[in-house]
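A.B. asks: In the order they appear, the protein sequences are chains A and B. The opening residue of the first sequence carries number 1 in the working numbering; numbering runs sequentially from there. The opening residue of the second sequence carries number 1 in the working numbering; numbering runs sequentially from there.
In short, the hints are calculated from the structure, not lab data. Hints may be right or wrong, so weigh each one.
Claimed, not checked - So the derived list for chain A, only partly shown, Cβ under 10 Å to chain B, looks like this:
hint : residue
1    : D5
2    : D7
3    : W14
4    : L106
5    : E123
6    : N128
7    : V164
8    : M167
To be verified - Each computed DSS-like pair below joins lysine-lysine, with the alpha-carbon atoms no more than 27 Å apart:
hint : chain 1 : residue 1 : chain 2 : residue 2
9    : B       : K68       : A       : K191
10   : A       : K277      : A       : K93
11   : B       : K68       : A       : K98
12   : B       : K68       : A       : K143
13   : A       : K105      : B       : K68
14   : A       : K134      : B       : K68
15   : A       : K98       : A       : K184
16   : A       : K184      : B       : K68
17   : A       : K191      : A       : K105
Since the model is a prediction, treat every value here as computed from it, not as a measurement. Even glycine gets a Cβ: it sits at the ideal position worked out from N, Cα and C.
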Amino acid sequence: METFDIDSYLFLEWNDPAVYEYIAGRQMLPPEHTYKFYTTSEVQNILKEVGWPEIVQFTNQVGRREVLSSYLWVESDGDITYYERFQGTFHSKYELRKYPFDSQKLNILIETAYFDKTLIEFEAPRENIVFYEKPTNPNPENKALELEEWYLDPDIECHVGEYVSKMTGRSFSYVSIDISAQRKVGFHIWKIFLPLILIICISWSVFWIWTENVANRLSISMIAFLTAISFGFFISSSQTKISYLTLMDLFIIGTYIFMTLTVVEVLTTHFLARQGKELIAARVNFYSRWLFPASFLVYLIVAALIMF
Amino acid sequence: MKKFYATFYCTQQHKTARIWCLRLFLVILLITLCFSFSPYNAQAQEENSKEHRPFTITVSLGIIDIPKIDEPMETFDRKRILRNIDHSPLR
Numbered sequence: 001m002e003t004f005d006i007d008s009y010l011f012l013e014w015n016d017p018a019v020y021e022y023i024a025g026r027q028m029l030p031p032e033h034t035y036k037f038y039t040t041s042e043v044q045n046i047l048k049e050v051g052w053p054e055i056v057q058f059t060n061q062v063g064r065r066e067v068l069s070s071y072l073w074v075e076s077d078g079d080i081t082y083y084e085r086f087q088g089t090f091h092s093k094y095e096l097r098k099y100p101f102d103s104q105k106l107n108i109l110i111e112t113a114y115f116d117k118t119l120i121e122f123e124a125p126r127e128n129i130v131f132y133e134k135p136t137n138p139n140p141e142n143k144a145l146e147l148e149e150w151y152l153d154p155d156i157e158c159h160v161g162e163y164v165s166k167m168t169g170r171s172f173s174y175v176s177i178d179i180s181a182q183r184k185v186g187f188h189i190w191k192i193f194l195p196l197i198l199i200i201c202i203s204w205s206v207f208w209i210w211t212e213n214v215a216n217r218l219s220i221s222m223i224a225f226l227t228a229i230s231f232g233f234f235i236s237s238s239q240t241k242i243s244y245l246t247l248m249d250l251f252i253i254g255t256y257i258f259m260t261l262t263v264v265e266v267l268t269t270h271f272l273a274r275q276g277k278e279l280i281a282a283r284v285n286f287y288s289r290w291l292f293p294a295s296f297l298v299y300l301i302v303a304a305l306i307m308f
Numbered sequence: 001m002k003k004f005y006a007t008f009y010c011t012q013q014h015k016t017a018r019i020w021c022l023r024l025f026l027v028i029l030l031i032t033l034c035f036s037f038s039p040y041n042a043q044a045q046e047e048n049s050k051e052h053r054p055f056t057i058t059v060s061l062g063i064i065d066i067p068k069i070d071e072p073m074e075t076f077d078r079k080r081i082l083r084n085i086d087h088s089p090l091r
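Could you put the whole structure together from the sequences, leaning on the hints where they help?
C.D. replies: Take a look at the structure:
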């Protein structure tokens, strides 16, 4: 399970003249055209009193949603506006097979716990689900957020639907919001792919060393292999624990396999030379110079085709 | 033969009455239909349905920031759980 943190404004608007009548009828407040409540506790108490407790809940939120501020406006014609700024953690199912060239959907699911579809129906116009435009935004044309590791699609998908609860048998309205995010691959290319490619290239340098010099050839291969293994440990410690293989996993496994094959080639040529087949050993060594990189390239292409 | 005439006579006598009955029934049906489509009744139906119509809540979201994506949740997160307890010192 993967999560994401969000900081957002939430606005809810609906019409219920009974709420205004109730507040006006309490006679605790002077009669006004609009009643305004600005503290979070007061807003929650009023909503409970008028029969609108916990209007919405975020189904896929993890832990508690922290409401930083909220207000409630009740107008004489029955129009009600509820606002809150909240911070919360949400979980969303990610598909990481293409990692680190993956795109994800960050899902926010809004529904009601108390009010079924006979009482509440949601409406979420697409233009109302947006990235908040900061007044200090230096690039006003870019409507999406700027994140270090992700590109966010400015068009947020929004879907209003209905589902039948298996527990109660009643149908409820819900709003599903999907934010499309594409991972920026710069970090992975420069910090993971490039170092590993350099390590594997160093291991292939043994093909340019004469077969008789087996000790040096083996030590270069083994040092490169151990470096790759330790680098792999470092990468896996910073990655998500998932059961299936990703494109990155296939790349790392590929480097291990080809480095092992390099060691096998060194030993093979050594044994061939010892048996007096120096010419064959030299040929194998010569062909390996381009055969290994070409095979690795083909392996990467096949892996990418499988994953994409 | 006598019986035949009696039957014929009886049928002819009731035929007119039956036609009038049918006409009356059609007129009543027509009036009922007219009433059912009358504006008063339509309004009454509308008012009746208004009572049961669910409230439409318009949802708007203005996303300010997404500070973190990709946090693995495999391990037991003590801090997160403590933060969610009302009387926790971390709150």
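A.B. asks: Each hint needs a verdict: does it hold in this structure or not?
C.D. replies: Structure-based check of all given hints:
Nearest Cβ of chain B to the Cβ of A:D5: about 4 Å, under the 10 Å cut. The hint holds. Taking 10 Å as the C-beta contact cut-off toward chain B, the hint placing A:D7 at the interface holds, the least distance being around 4 Å. Residue-level restraint check for A:W14 holds (minimum Cβ-Cβ distance to chain B is 4 Å; threshold 10 Å). Interface hint at A:L106: satisfied, since its Cβ lies 7 Å from the closest Cβ of chain B, which is below the 10 Å cut-off.
Annotation: interface hint on A:E123 holds; nearest CB of chain B at approximately 5 Å, less than 10 Å. Taking 10 Å as the C-beta cut-off, the interface hint given for A:N128 holds, the closest approach to chain B being about 4 Å. A least Cβ separation of about 15 Å between A:V164 and chain B goes past the 10 Å threshold, and the interface hint is therefore violated. Restraint check, A:M167 versus chain B: the minimum CB separation of about 20 Å is more than 10 Å; hint violated.
Simply put, B:K68 and A:K191 have alpha-carbon atoms about 20 Å apart, close enough for the 27 Å limit, and the pair holds. About 57 Å separates the Cα atoms of A:K277 and A:K93, which puts this hinted pair outside 27 Å; it is violated. Distance restraint check for B:K68 and A:K98: the Cα-Cα separation of roughly 20 Å lies within the 27 Å cut-off, and the hinted pair is therefore satisfied. Straight-line distance between C-alpha atoms of B:K68 and A:K143 comes to about 19 Å, which keeps the hinted pair within the 27 Å bound.
Between A:K105 and B:K68, the direct Cα distance comes to roughly 14 Å. Compliance with the 27 Å bound is thereby established for this hinted pair. Proximity of A:K134 to B:K68 is assessed by CA-CA distance (about 19 Å); at most 27 Å being required, the pair is judged to hold. Taking the CA atoms of A:K98 and A:K184, the gap is about 13 Å. The hint holds against a cut of 27 Å. As the CA atoms of A:K184 and B:K68 are separated by approximately 14 Å, the hinted pair is consistent with the 27 Å bound.
A threshold of 27 Å between alpha carbons decides the hint, and for A:K191 with A:K105 the separation of about 25 Å falls inside it, so the pair holds.
Consistency with the previously given hints fails for numbers 7, 8, 10, ordered from lowest to highest.
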